[in-house]
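Protein chains: 2
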Amino acid sequence: MTSSTTLEFSEMLIEGAKEVFETMIFMSIEKSPDATAPLGDNILGTITFTGDVQGCIGICCSKSCATSIAANMMGLDNASELSQEEIADAVGEVANMVMGSFKARLLSNYNTINVSIPSVVSGANLDTMLIDGQNRAVVPVMIDEHQARLMLLTKAKS
Amino acid sequence: MTSSTTLEFSEMLIEGAKEVFETMIFMSIEKSPDATAPLGDNILGTITFTGDVQGCIGICCSKSCATSIAANMMGLDNASELSQEEIADAVGEVANMVMGSFKARLLSNYNTINVSIPSVVSGANLDTMLIDGQNRAVVPVMIDEHQARLMLLTKAKS
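As given, the protein sequences belong to chains Z and W, one line each in that order. Reminder that position 143 of the first sequence reads as 300 in this note's numbering, one-by-one numbering, no gaps. Reminder that position 36 of the second sequence reads as 193 in this note's numbering, one-by-one numbering, no gaps.
The hints are simulated quantities; they were obtained by calculation from the structure and are not laboratory data. A hint or two may mislead.
As the list makes no split between identical chains, a pair holds if one copy fits it or if it spans any two.
Calculated cross-link-like contacts (lysine-lysine; reagent style DSS-like; alpha-carbon spacing at most 27 angstroms) [stated by the list, open to error]: (1) K260 <-> K175; (2) K188 <-> K260; (3) K220 <-> K314; (4) K312 <-> K220.
Using the sequences and the hints given, assemble the complete structure.
Structure below.
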């Protein structure tokens, strides 16, 4: 078992996210050269994991991006009927699916990864904070025409 | 095994939080009649759990409240030397300890509760969003002179 570097983790995360967005949400997600954090009201979906490596992955996007994701996941043409809870559900489910795809990649290097349940937070200028000796990666991405961020906090088992 | 109501869960959460704040952080925490959410820049520590009941607990407070908590936990007189990471660590650790105390109370009604690791988010107007058929309780509290909120999302095992 070899430990992965933060760069390797973030590559696995973006690959995992691409798989999910292309095959299950039918939107494109690409690394963006623009590292400017999207400001204003955002929605952040996170999910934590423990085991041979522990941490948290997150996806942070604008409410309009989250609404498009929810509409695509539910096959709706008219996104205006979506409730706050349906939009939050969709962001939590994206975090869950990306975690699944990321976990599949982690398992080539680690034996045990236990995934918890997603949680979803709304607010302005959202940012995950480093705790507990974790390493952090923030990957600016474009989800179709929306600027968003993938986030990753990891810490190897001590 | 009888399921608890959202009101019972929130009572267990405030009791668990009191135990932690009084015995380990040496600050008081009391339910506040003022349900006004603290605005401005906040820090939110959350921790998720799965098992016979699943969900998330959170503690949301101002940066100055989080700084006081960190200084008390570390036994510092001068909080001005604390780094962002030390403050975030303290909020994550509070979420972890309150979860432990809440879990001890849950175990009188439920057999299996698996706790994940905390995550900490900064931002303005932070709020947890309901997902996945969860029930939600928000308990406004005063931590010494600081207005703060305890949050709870729960869902019984289906």
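Alpha-carbon proximity between K188 and K260, which holds within one copy, between copies, both or neither at 27 angstroms: within (20 angstroms within a copy, 40 angstroms between copies)
Reference check for the pair K260 and K175, CA-CA at most 27 angstroms: within, between, both, or neither? within (14 angstroms within a copy, 37 angstroms between copies)
Under a CA distance limit of 27 angstroms, which applies to K312 and K220: within one copy, between copies, both, or neither? For K312 and K220, the Cα distance is within 27 angstroms only across copies (25 angstroms; inside one copy 30 angstroms).
Given a CA cutoff of 27 angstroms, do K220 and K314 count as a within-copy pair, a between-copy pair, both, or neither? The answer is neither: 35 angstroms in one copy and 30 angstroms across copies each exceed 27 angstroms.
Hint compliance for this structure: hint 3 is the single one not met.
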